[in-house]
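Trainee: Fit chains B and C to the supplied structure of chain A, relying on the hints for placement.
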Amino acid sequence: MSEQKSGQSLSRRGFLKYLGGAIAVAAVTSACGQTAAPAAPTTAPAAPAAAATTAPAAASKPFAGKELNLYVGNHWDANVRDLWVPLFQDKTGAKVNYTSIGSGDADAKYAVFAASQDSSQDIFYAWETLVAKYARTLFEDLTPSFKKDVLAGVNDVPVKSMTFLGKLYTIPFDSNMAIFMWNTDLYKAAGLPDKAPESWTEFADFSKKLATGGNFATLFTLGDANSSFFTFLTLFNSTGAEVISQDLKKIQVDTPEGLLAMQAFYDGVVKDKYIDPAGLTINSSIEQGKVFRGGKIGHYFAFPNHYTLAQDPTQSQVVGKCKTGIIPGLKLRSGSGNGFEGCAINKYSKNKELAMAWLEHTVSPEVQKLVGTKWGRPPSLKSAFSDPDVQKAAPQFAAVAEQVKYPARRYGSPFYVDVGQVFNDEMNKMLKGGPSPKDTAANVQKLAQKIIDDYWAKAGG
Amino acid sequence: MGTETLVPPKASRQAIFWQRFHRMDEAKFGVLLLSPTILILVIFLVIPILYAIAMSTQQVELTISPDWKFIGLANYTGLLSDNRVLDSIPRTLYFAFFTILVSTTLALVLALILNEPFRGRQIVRVLVLLPWAVAPVVSGVMWRYIFHPRYGLMDAILYSLGFIKQYIVWFDDPTVSLSIASLATAWKGVPFLTLIMLAAMQSIPESLFRAAKMDGANVLQRFRYVTLPHLRSILIFIIVLQTIVSLQVFDLIYTLTRGGPGEGTVVLNFLTYLNAFERLSLGKASAMAILLAVFIIVLSGISLSFTVQRRQKV
Amino acid sequence: MQMRSLRWARPTLLYALVALFLLWTLAPVLWIFVMSVQPEINYVAVPPQLNLQQVSLRWFWEMLSQQDIRDALRNSLIISFMTMVFCLFFGALAAYPLSRLNMPRKNLFLTLSIMARMIPSMVLIIPLFLLMRDLHLLDTYMALIITYSTFLLPYVIWMMKNFFDQIPYSLEAAARMDGCSRLGAIFRILLPSIAPGVVATAIFAFIGAWNEFLFGLILSTRNSMPIMVKISALVSASFHTDNSLVAATGVLAILPVVVLVFVLNRYIVRGLVEGVKF
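Protein sequence lines, in the order shown, are assigned to chains A, B and C.
Residues in the first sequence are numbered from 1 upward in steps of one, following our numbering.
Residues in the second sequence are numbered from 1001 upward in steps of one, following our numbering.
Residues in the third sequence are numbered from 2001 upward in steps of one, following our numbering.
Worth flagging that the hints you see were computed from the coordinates, not collected in a lab.
Worth double-checking, as some hints may not be accurate.
Listed next, the in silico EDC-like pairs over lysine to aspartate or glutamate satisfying Cα-Cα at most 16 Å (straight line) [claimed, not checked]:
no., chain 1, residue 1, chain 2, residue 2
1, A, 195, A, 205
2, A, 147, A, 353
3, A, 458, B, 1263
4, A, 458, B, 1067
5, A, 429, B, 1173
6, A, 91, A, 360
7, C, 2106, B, 1026
8, A, 374, A, 90
9, A, 209, A, 185
10, A, 296, C, 2165
11, A, 347, A, 118
12, A, 209, A, 272
13, A, 432, B, 1173
14, A, 350, A, 118
15, A, 450, B, 1082
16, A, 429, B, 1263
17, C, 2106, C, 2165
Among chain A residues calculated to face chain B with C-beta under 10 Å, some are [stated by the list, open to error]:
no., residue
18, 93
19, 133
20, 136
21, 223
22, 415
23, 418
24, 429
Glycine residues also receive a C-beta, built at the ideal position from the N, C-alpha and C atoms.
Okay, chain A solo, but in the shape it has when bound (with noise of 0.2 Å):
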């Protein structure tokens, strides 16, 4: 393996080498490369007072003088980098250079970083899909490395969901999955009970009752591939059943539970009509949440941090007007999808036993309990539920404890987008009248084994 990947490496570097050109305009350019002035860097501002007061008072600084490259989605910003890296810069003493960028953009990003084979950032970050698309050729594996005693205290669904083929490869800072909140204003005007639906059917009747005078009772995002994958497994995964084998080499849509799933969607959109259909062209939860903040529907399913929102009177009208359970199931109680996100060290990485550091830091008690208080996101080790601050500022939590219970798989793979892509297509087919469930289905089935088969045929295995 070692030897292959140098010999490529050569040939690739050759390539450029080659031309000698490069070199003069090299003594030109890096001459006036000097004229990018070094930008402010984008570090954190101090730390808040509320951070400050639980940093532990190390007095050795392990790492004092090194620096760590973080390079991540922007929207982190506002806890990770102005919460957790002040917090780790104090604890080790070394310097963290944060970068955050458009989590839309990131796929270009890292596409050029693994086909470089970069070692200019240490910490990537990371969710399930990533995970499986970057774990043979970005992402280093945890799974010898990193400390067995931390890992034992983090919850180990989102855990699972880091994991490709056996081996971890992100370390997960919160166990984030959707639950179900409502709007109770309107389950009052619609005269319903003030309690959660237990059933899919009582959810639909609960709707049918909200969709009045025009009016959507709820909204799912179905925009692109991502979002409509994930939306039918929101739904899917309360059958009980797997939509890919553990292996990731069989799809099962075609199924009674499949079947369930497409027509529990084909009826709120089609049928019905109290699913809004505008969810065909919104593929982001905060979307969403923001047409239930806005007070017009009267229920969804949420991220846990969409209660946080929604308690926040600059942006939302539904202040004090929502309450939350856990979403109502086909055949078991509940399920859920999951949003699971964390942090992977870049495998070409200089940096590793920093960055190994860094992974730790954010599964820590400090971070964890900010990770349940401020970005109102359900932590991930097991022992910060417990804490009373975070009880106190998160009440959905609650839900959450319950709602972990069910099942909430992502099935992250690395023909994620292009199956996810088939269920954008054929769902839409069927949302806007088109073919039955029934042929949904099979057609789903066909076209993602397809496209399974083809992955496994090129990776041999």
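Mentor: Just chains B and C, lined up with the frame of chain A:
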């Protein structure tokens, strides 16, 4: 930068150098002036292109392994049986056709209008330039906001005028989405096309119009028999230009629809992006891009030589 | 009678068409501007409840108060300006011989360089990234300046060649008689005499660099990230809850070039028209 070749290394040699420099014959002097540009283009354009061509003969699948494997032309032949490619061809053609149709028509009408004297013409001429300066990334955002299902201007207007009872979801239909992407591309292209068309119109001798008028030709006839023949070669140029623009569209779709709904707006160039960076099939993506480039070059070559011929005739 | 009604109808039709065109041209820009000065809740309402009293620039101030947005704007300004300078300098050097010197196969150079630009630029991403890394230029202004100059030069040369073509030979001959060197003649006599064309080319290069996205994304990390990458990040970021902020950033990102176009429109109109010929 790059002029260092022109600067003598030592003062003592200066005189000789300049003497030689001034006596240099034209062709050599020309090559000297061109050399920095040639150097830049070779290093930063030709080498990357050669690299891409090399990559297109390799199997590079980053979801599987970091290694390259030589597979000859398999990436190219594979494209012929790739459903995604086959599906995106009609989409690309529709997109290109619609973009060309809308932008050329609008530019022609706008140029005709701006060729007429009217009060405020100067300011209008300046205002219609605006889209030319707007970045495709931002234009994608703008058009998304125009057709947004919750706060889109289009829905707001239709609703306020009473045409619709409920906001329409525009981007859930592939054809509509593709058409909106075309509109946005045309929107950005019209100002420039108008300018060149206007210039061509203004170069038509006034006497021709007077003669046509004396022969009793009406407005439409004058357009048909005087204006249009003079615009023919510029029209062909514009069509070629817009074809190239629409075959290379990327930024706009990236922020407008990201290829959705489904793969409804995945045109060839966007598919290249998806193959390279979403599916990490770099070899295949390179092959696609190179085929697309060959197609564009052949297309523009044919139509430009045609234009030049026409020109020589006129 | 018929004549009179026609005389009345023509200007009406004309103005109606002008109004339609202005609407088509300005609506997208105006709407994003409206969004950038109104709280989101106003335009999300059905139908929108725009309120003059709530017009506010606070979304602009909020974005401008962020260090990384200010940095991105500054980066874009520097990169675009330097690209413009590069393009003009090398463009003039290359366009002059192509236009005026007696050289074999000079058209081939232009054709080839324009043809090379027909390759969709996304496959050049990885080789350029490797190249810039080997030159230690990643995340510097220089990487983007070189890349943009490379991509724009074929067009710039083409435009400038057309401008040079219009200068009578006698002008250059006179300058040489007065003792001007060949290089001196290019920069002191020829370029000034095509000033409007040079301005148009400069704007073309500036805007080309300012508006580019993909290479800005790939070749920058922190220090040289241009504004277009920031916009895309804001749009794709799922955390963003306020579209007024996205809209305000959009307006900020087009403001410099829009101002440039409005101030220098005279040159652009003339320059682009004359610069684009075969």
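Trainee: Next, verify each hint and record whether it holds.
Mentor: The hints, checked one at a time:
For the hint linking residue 195 (chain A) to residue 205 (chain A), the alpha-carbon distance of about 13 Å falls within 16 Å, and the restraint holds. Distance hint between residue 147 (chain A) and residue 353 (chain A) is fulfilled; the C-alpha atoms sit about 12 Å from each other, no more than 16 Å. In summary, the hint linking residue 458 (chain A) to residue 1263 (chain B) is not supported, as the alpha carbons are separated by about 23 Å, beyond the 16 Å threshold. Among the hinted pairs, residue 458 (chain A) with residue 1067 (chain B) is consistent with the structure: their alpha-carbon atoms are about 13 Å apart, no more than 16 Å.
At most 16 Å may separate the alpha-carbon atoms for a hinted pair to count; residue 429 (chain A) and residue 1173 (chain B) meet this at roughly 10 Å. Restraint check: the Cα-Cα separation between residue 91 (chain A) and residue 360 (chain A) comes to about 12 Å, which is no more than 16 Å; the hinted pair holds. Restraint check: the Cα-Cα separation between residue 2106 (chain C) and residue 1026 (chain B) comes to about 12 Å, which is no more than 16 Å; the hinted pair holds. Restraint check for residue 374 (chain A) and residue 90 (chain A): not satisfied, since their Cα atoms lie roughly 19 Å apart, outside the 16 Å limit.
For the proposed pair residue 209 (chain A) and residue 185 (chain A), the alpha carbon gap of about 13 Å is at most 16 Å, so the pair holds. Taking the CA atoms of residue 296 (chain A) and residue 2165 (chain C), the gap is near 64 Å; set against the 16 Å cutoff, the hint is violated. Under the criterion of a C-alpha separation no larger than 16 Å, the hint pairing residue 347 (chain A) with residue 118 (chain A) is consistent with the structure, at around 9 Å. Note on residue 209 (chain A) and residue 272 (chain A): the hinted pairing holds, with a Cα-Cα distance of about 11 Å set against a maximum of 16 Å.
This hinted pair checks out: residue 432 (chain A) and residue 1173 (chain B) have alpha carbons roughly 9 Å apart, not beyond 16 Å. This hinted pair checks out: residue 350 (chain A) and residue 118 (chain A) have alpha carbons roughly 10 Å apart, not beyond 16 Å. With a CA separation close to 13 Å, the supplied pair residue 450 (chain A) and residue 1082 (chain B) stays within the 16 Å bound. Distance hint between residue 429 (chain A) and residue 1263 (chain B) is fulfilled; the C-alpha atoms sit about 12 Å from each other, no more than 16 Å.
Taking the CA atoms of residue 2106 (chain C) and residue 2165 (chain C), the gap is about 14 Å. The hint holds against a cut of 16 Å. With its C-beta approaching chain B no nearer than about 34 Å, residue 93 (chain A) sits outside the 10 Å limit, and its interface hint is violated. Here the hint on residue 133 (chain A) is kept, as its CB sits about 5 Å from the closest CB of chain B, short of 10 Å. Because the closest C-beta pair between residue 136 (chain A) and chain B is about 6 Å apart, less than 10 Å, the hint holds.
The beta carbon of residue 223 (chain A) comes within 6 Å of a beta carbon in chain B, closer than 10 Å, and the hint placing it at the interface holds. Below 10 Å, beta-carbon pairs count as interface contacts, and residue 415 (chain A) has one with chain B at about 8 Å; its hint therefore holds. For residue 418 (chain A), the suggested interface contact is upheld, since its CB lies about 7 Å from the closest CB of chain B, less than 10 Å. For residue 429 (chain A), the shortest C-beta to C-beta distance to chain B is roughly 8 Å, which falls under 10 Å, so the interface hint holds.
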